[in-house]
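2 protein chains.
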Amino acid sequence: MEVLGHAVLSQFPIEFVQKTYPFVESRERAEEIRAQIDALFDSTGERPIVFHSIVSEEIKHIILASRGFCHDVIESLITPLSEELDMTPQATLHRTHGLTHQNLARYDARIAAVEYALAHDDGLSMRQLDEAQVILLGVSRCGKTPASLYLAMQFGLRVANYPFIADDMASLDLPPGLQPYRQRLFGLTISPERLSRIRNERRSGSSYASLRQCRLELGEVEQLFQRYRIPWLDTTNYSVEEIATRLIDMMGIDRRIF
Amino acid sequence: MEVLGHAVLSQFPIEFVQKTYPFVESRERAEEIRAQIDALFDSTGERPIVFHSIVSEEIKHIILASRGFCHDVIESLITPLSEELDMTPQATLHRTHGLTHQNLARYDARIAAVEYALAHDDGLSMRQLDEAQVILLGVSRCGKTPASLYLAMQFGLRVANYPFIADDMASLDLPPGLQPYRQRLFGLTISPERLSRIRNERRSGSSYASLRQCRLELGEVEQLFQRYRIPWLDTTNYSVEEIATRLIDMMGIDRRIF
Chain A
1 MEVLGHAVLS QFPIEFVQKT YPFVESRERA EEIRAQIDAL FDSTGERPIV FHSIVSEEIK
61 HIILASRGFC HDVIESLITP LSEELDMTPQ ATLHRTHGLT HQNLARYDAR IAAVEYALAH
121 DDGLSMRQLD EAQVILLGVS RCGKTPASLY LAMQFGLRVA NYPFIADDMA SLDLPPGLQP
181 YRQRLFGLTI SPERLSRIRN ERRSGSSYAS LRQCRLELGE VEQLFQRYRI PWLDTTNYSV
241 EEIATRLIDM MGIDRRIF
Chain B
1 MEVLGHAVLS QFPIEFVQKT YPFVESRERA EEIRAQIDAL FDSTGERPIV FHSIVSEEIK
61 HIILASRGFC HDVIESLITP LSEELDMTPQ ATLHRTHGLT HQNLARYDAR IAAVEYALAH
121 DDGLSMRQLD EAQVILLGVS RCGKTPASLY LAMQFGLRVA NYPFIADDMA SLDLPPGLQP
181 YRQRLFGLTI SPERLSRIRN ERRSGSSYAS LRQCRLELGE VEQLFQRYRI PWLDTTNYSV
241 EEIATRLIDM MGIDRRIF
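Same order as they appear, the protein sequences are chains A and B.
The opening residue of the first sequence carries number 1 in the working numbering; numbering runs sequentially from there.
The opening residue of the second sequence carries number 1 in the working numbering; numbering runs sequentially from there.
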């Protein structure tokens, strides 16, 4: 809701002050929020814009009685779909992220995937690699850890990651421990300039952080990816969200989001 | 989009097969997807439902030419807002998660927060606690680590976490190292039954995993939370998404999402 609201508001040439109220589930909470909307109207003279996805009729009634401009996001999608399907929607109290008996097992799998990513971060453990669905490869500080954790947290994927370090560079090759899992390997690269900036934050002025060393390591590793036909992504301009969706797309993995 | 689509489809009493195509940015990719939509129509005889948020007119034109039922999610929110504001929206190529010069600093802060959470996981380091915005407290395996990582990844919050262990229970008190940061403490609890199940997965049949031990630890820790007036949340039925938004709400933290 927050991200969608932001995308919509950014289409208009004015600045909005955004506020999010998650989990409005009681009459009391709804009344508080209605009072805040009305107070905003009174102090600014402008109708506050209210995007909501409230399912409870009782709660919705309270918010709709405010002096804000209220727009039901779910409803605006359901109505045209209902016509297309020629079907009446069911008023279920759908909560996307709530833990119910049905989705508890999937949620536990996501949490187990986060634990797997932590245990297999930065080449920490080469054991149980057969359980990995993805093994990320790349030089130090190219973004393997956040990408692994995001893939685990969001999609329940078991992701290990393995770093190539400076000592590997003289005769860079795929470690024997990774050979059996070549179908699961995925490379991350980054521009030498950005890598050098990131490394300088950790070890300022070191040869490890120098542009020369970054160029050398990235060049060697890209050659390795090409030699072994490992799919890879230049992450310089990508966030973890984009890295994750592109990786899933490029590797043809089934999404397990809920 | 994926979560929203799921919420909308779940209101109808039929099963949908869902497929997501992120980052459709080239004509070629759009033509591929149009061909897939048309192939689905041909093989099933049913119009595929297409929710999209395409901004490029060229790409949109290709998808709209498919035989699917296409619904523009952003548009359906912009139109009523445009009327309310009496303003014409600007057709900007808005990418929510792309890294641009403007949001790079905030993105780097999120990644730094993930690194902070990893360095301060499970009481690993009591140093630099003054940099923590939140310090999570709770018994072993109550969900501190995933919650810390989620808060860092999603909101750029610096979250440390500190475990109370069995040895602490005889005379449980707040460690002196945490005393200066009482305003930043937040407790997590969980039902003894769920905790026992989770612990049994790690150390099956141990006294650590026994319902008796879980009850004892949780009872002591809840008393501590009450004694020091530390806000706390029972996470038994909550996912990390819900824990994070409720914590932010309860602690009155500014959301730094983008």
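Hint data in this document are derived by calculation from the structure and do not stem from the laboratory.
Be careful, since some hints might not be right.
The following residues of chain A were derived to be distant from chain B, with all beta-carbon distances above 10 Å [what the hints assert, rightly or not]:
id	residue
1	Ile14
2	Ser26
3	Arg27
4	Ala35
5	Ser43
6	Arg47
7	His71
8	Ser82
9	Glu84
10	Met169
11	Leu172
12	Arg182
13	Arg227
14	Glu242
Examples of chain A residues toward chain B, derived with CB under 10 Å [said to hold, decoys possible]:
id	residue
15	Met1
16	Arg110
17	Met126
18	Asp130
19	Thr245
Backbone N, C-alpha and C define an ideal beta-carbon position, used for all residues, glycine too.
Enumerated hints in conflict with the structure, sorted upward:
1, 6, 7, 8, 9, 14, 17, 18
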